[in-house]
Amino acid sequence: MTTLSSTPVEIPAGHRDLVERPIVVSLVTLMPDGGPQASAVWFSFDGEYLWVNSAKGRQKDKNMRARPQVAILSIDPEDPYRFLEVRGVVEEVTEAGALELINHLSDIYDREPDFFAKKPELRHTQVRVNYKIRPVRVVPHGPAK
Amino acid sequence: MSTVAPVAIPDSHKELLERPILVSFVTVMPSGQPQATPTWVDYDGTYVYINSAKGRQKDKNVHRNPHVTILAVDPDDNYHWLEVRGVVEEITEVGAVDLIDKLARKYTKHSKYYGGAAPAERAQQETRITYKIRPTHITKSAK
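Protein chains in written order, with the numbering used here: chain R, 1 to 145; chain V, 146 to 288.
Extracted from the complex, chain R is given alone in its bound form (with noise of 0.2 angstroms):
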C-alpha cells in the first residue's frame, strides 16, 4: 500500500454533519460468497476516520476481519434526499478501547452510559470489538449545509 492510498479521504463540509450526529447508520459488510450483508449501526467519527463497533463472532465481525471493504450510508433524518455515502476499508480491528467506544456510543444514541445496563447477561460474555474505517470514496448527494 502506498502512502497516498492510506490517506483517509475528506468528508464535505456540506454532509459533514451526516457523520457527526448521532445518526442510525447502515453498515455494509461483504460475505464469503462476495454478496453484500447490511445493518444498521451506531457509529462515531474522529474527523478522519469513521468508527464502528460490534461484537466478536458476529456476521460482520467476521466478514470484516476477512473482507475489509465496507460501505456506510447516513441518510439526514429530516430530509432522505440528503444522505451521505461512504466506502471505506477497515484499517484495524481491535477489542483495545471497545467497551468505552460502545459505553460512549450508547450514551449518545441511547442516553445510557452502561451499554450492558440492558443486557446484564452478555457484560462477561460477550466481546466488543472497533472496526477503524478508513474513507475511500465519499458520494455526498443533496443539498449542502
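Keep in mind the hints are simulated off the structure, nothing from the lab.
Take the hints with a grain of salt, since some may be wrong.
[What the hints assert, rightly or not] According to the in silico footprint, chain V covers these stretches of chain R (three or more CB under 8 angstroms from chain V):
1. 18-29
2. 36-50
3. 70-77
4. 80-94
Glycine included, every Cβ here is placed at the ideal spot set by N, Cα and C.
Since the structure of chain R is provided, determine the placement of chain V on it from the hints.
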C-alpha cells in the same frame, strides 16, 4: 434460477417493506466494494422490487453481480429492522414507469413520478428499469 423458491419474509416484519420506509439498497462494485443508496421499494408478498434508471452505478452493478441486499429500519424505532439479502432475478424496462409511479404514490403526495415527484423533462432523459429480487436470506431484529 427461477426454480429456486424465494425465502419468505416473516409476517412480523413485512410491514417494514409495505410502509413508505426509505431502504438502503446495496449492490457490489466491480472491485468487490459494496455500494449503498437510499431507495424506494415495492413488495408483492414474495419478491422485492427496486426501480432505478438505466446506466446508474447500481444498474451497472446488478447487471454484473446480481447479489444485493436491502436494509429497512423503522424510522420510529431503530430496534425494529429487516435485512433481505437476495438475487436479482429479472431486469426489465417493461412496466418500470408504472412501478415508479406506484412508488411515487406510496412515498410522496404525488400521483405520478415524472411531472409529480420528479421534473417532467426527466422522463425524456432517463430510462426506468425494474429489478425483481428473490429473497435468499432474511435477518431481522428480535422485536
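Against the structure, the hints:
1. 18-29: That given contact holds, which follows from 4 residues of the segment 18-29 of chain R lying within Cβ reach (below 8 angstroms) of chain V.
2. 36-50: With 5 residues close enough to chain V, the hint holds.
3. 70-77: holds (count 6)
4. 80-94: holds (count 4)
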